[in-house]
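Colleague: Listed below, chain by chain, are the residues.
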Amino acid sequence: MTPVATGKETAQREQRASLVPLPRPIDETIEGERLSDVDEWGRSEHTRALARRLYAPLYKHWFRVEWEGLEKIPKTGGALLVANHAGAIPSDAPVIMHGIEEELGRPVYGLADYFFREAPWIGTMWARAGGVPAHPDNARRILRDQGQLVLVFPEGTKGPSKTYTDRYRLRRFGRGGFIEIAMRAGVPVIPIAVVGAEESMPILFRVPRLAKLIGVPYFPVTANMLAFGPLGLGLYFPAKFKLRVLDPVTFNVPPAQERYSKSRVMEEAETIRMHLQETLYEMLRERRSVWFG
Amino acid sequence: MAQALESDPEVEMILGMGTREPSVALERTEFVRADQTYSILSRIVRATQVDTIVHTFLVVDSTRASARALHEINVIGTMNLLAAAGQTASPVRQVVVKSSTLVYGSAATDPVWFREEMSRTSPARTRVERSLLEVEGLVRDFAEDNPATVVTVLRFANVLGTDIVTPISANLSRSLCPSVAGYDPLLQFVEEDDVVRCLEHVTRHRVPGLYNVAGAGKLPWSEVAAMVGTRLLPIPPVATQSVAAPMVRLGLIDFPPELGDLLRYGRGVDTSRLAKTGFTCRYTSAGTVENFIRALRLRRSVGKPPASYTYEQDIEQFFRHSSAVVPISGET
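Residue numbers (our numbering), protein chains in the order written: chain R, 34 to 326; chain D, 2 to 333.
In short, the hints are calculated from the structure, not lab data.
Think of the CB as a built atom: it goes at the ideal place given N, C-alpha and C, for glycine as much as any other residue.
Among the hints, a few may not be true.
Here are the simulated distance ranges between beta carbons [as the list claims (entries may be wrong)]:
1) D:Val249 with R:Met158: 37 to 47 angstroms
2) R:Phe325 with D:Arg274: 52 to 62 angstroms
3) R:Asp178 with D:Pro235: 32 to 42 angstroms
4) R:Pro281 with D:Ala246: 52 to 62 angstroms
5) R:Glu136 with D:Pro235: 32 to 42 angstroms
6) R:Pro241 with D:Pro237: 26 to 36 angstroms
7) R:Arg85 with D:Ser273: 30 to 40 angstroms
8) D:Pro124 with R:Pro281: 36 to 46 angstroms
9) D:Pro235 with R:His79: 15 to 25 angstroms
10) D:Ile165 with R:Met299: 47 to 57 angstroms
11) D:Leu251 with R:Lys108: 51 to 61 angstroms
Residues from chain D that keep clear of chain R, each with C-beta distances beyond 12 angstroms, as calculated [what the hints assert, rightly or not]:
12) Arg232
13) Pro247
14) Arg301
Start from the sequences, fold in the hints, and give me the full structure.
Modeller: Below is the structure:
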């Protein structure tokens, strides 16, 4: 069975290659026609537009959102937006995304916990509406390669899960991962202070056992549930929203490094946290009413 | 693959090996039937002084082989192959291994695009994934021990095409196609022809290293189903495998465990490293699906085309070795 083949024999048959002229592939790409506009991140501009249309009345008439310093967000190029995070089902993320997309006409990608991707239905809707799992590589691609705006909440779930007694007290800013992301991508960090989210759905207490049982990061009992019953799961109080954009923070470090000095990263994170905290207190000093601003 | 190589006059001789006879007409490929673990390979390597081995026989579809056969073919087969290539005074200068992006798995914690140097984020639970990881480990060791040999590992995304049958293509060919309720993952595809072109590219240019191979872009599973014109059959997100099992038994769907994960979280691989070597797939992911539909429509209309060629050992031997066969020359 072993074929006997020697160099001499193959040399004789060399010509025979031309017996079967195979069609050589043409050098053109075959694109194919898409049926939807879902991009590589799972975002669909159609879904975004629909979400904005549905959200607009809530934004305008319920939360009556007011921005300050929106001009500090660049019209082009990547930037990492960071904000304080609050409310049992955080109302700040849609407000910020909606506001910037409407006012500046730029898409915003929201980085969030993997939990969203895991949850059926919610995860799919979240992705179509511009949510991206918070993987450092995802952030780098969107910020650096595609020059888009990315929104991240450095407090993570610790922000929205805190009870009403801790309102407007910023939690730990993770391990400063957001600073590393910005350094690596070579983009500025733009902090945004949000007032109003805390009061839109305040948490009275949490039920950790139940959270564990159904596999969610926290299970809150909110004032909304007590006030509206089952409707309170999704119905916000009409707190007045005020947002203030702080000055962009840039870091004089080369981008695309494997690692950055941890002490520098933590220091920058802490500086931004302090600044954001101060701004929040300042805004609360100026606020006359929770409902009317 | 062999057909593509045959047209290159620089290639002196091609030797095919497999457990089944080839199903396409090969002009000058010598073919050897071997058992699935390639135990005879080291003798062949010595006897024929081959300089390149292209290993395309890894099983990446667990519905086609039992647990035991999968291990025998993938792990033991590769071990024999590498042992043959790495023997003392081995003539082998290049080994190309066709692997799969299944090695990355599919989990919620995954990045949207995997680069070659990233590893999977969840432990491999399915048999086929574990065996592929083991195979790649073997190949890595081989590359370290034989620095003079060019070692290429290609990780292909989900392959679709005119001929190939995978769980995904089988599902898409039916009128009902499984999905996991509540999930609409983004998938990436690569066309059969691009698979061959890529193997040819790395073999011809002796490109060493580890590469992802996939068409550009990603498609949601629902869109793929809509393009093909099949309806989605949502399987509940809890107890997915137990619900799917009876339907698999009845032959209504194909649902290996690795597909269950894929239909939740999808997978994307970054192909920029391969692009740097001068190769990009001709078909985008959407183009691949479109091409698949066209082939599917044809098959639905005329049935499976009869094999245009049957391999007959004696006749092939006659054509290749008889002095009665007159080589025709002077053609271009």
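Colleague: Given a hint of 26 to 36 angstroms, does the C-beta separation of proline 241 of chain R and proline 237 of chain D actually sit inside it?
Modeller: 27 angstroms, holds
Colleague: Tell me if the beta carbons of proline 281 of chain R and alanine 246 of chain D are separated by a distance inside 52 to 62 angstroms.
Modeller: 55 angstroms, holds
Colleague: Could one say that the CB atoms of phenylalanine 325 of chain R and arginine 274 of chain D fall in the range 52 to 62 angstroms?
Modeller: 57 angstroms, holds
Colleague: Does the claim that arginine 232 of chain D lies off the interface hold, with its Cβ farther than 12 angstroms from every Cβ of chain R?
Modeller: 15 angstroms, holds
Colleague: Within 30 to 40 angstroms or not, the Cβ separation of arginine 85 of chain R and serine 273 of chain D?
Modeller: At 33 angstroms between Cβs, range holds.
Colleague: At the C-beta level, are proline 124 of chain D and proline 281 of chain R separated by a distance inside 36 to 46 angstroms?
Modeller: Taking Cβ atoms as reference, proline 124 of chain D and proline 281 of chain R lie about 41 angstroms apart, which means the hint holds.
Colleague: Can you tell me whether the CB distance of isoleucine 165 of chain D to methionine 299 of chain R sits inside 47 to 57 angstroms?
Modeller: For methionine 299 of chain R against isoleucine 165 of chain D, whose Cβ atoms are near 52 angstroms apart, the range 47 to 57 angstroms holds.
Colleague: With 12 angstroms as the threshold, tell me whether arginine 301 of chain D passes as away from chain R on beta-carbon distances.
Modeller: Arginine 301 of chain D is indeed farther than 12 angstroms from all Cβ atoms of chain R, at 20 angstroms.
Colleague: Could you see if the CB distance from proline 235 of chain D to histidine 79 of chain R stays within 15 to 25 angstroms?
Modeller: 22 angstroms, holds
Colleague: At the C-beta level, are aspartate 178 of chain R and proline 235 of chain D separated by a distance inside 32 to 42 angstroms?
Modeller: 34 angstroms, holds
Colleague: Check the following: the C-beta atoms of glutamate 136 of chain R and proline 235 of chain D are separated by a distance inside 32 to 42 angstroms.
Modeller: 39 angstroms, holds
Colleague: For proline 247 of chain D, is the shortest beta carbon distance to chain R beyond 12 angstroms?
Modeller: 22 angstroms, holds
When each numbered hint is compared with the structure, a violation occurs for hint 1 only.
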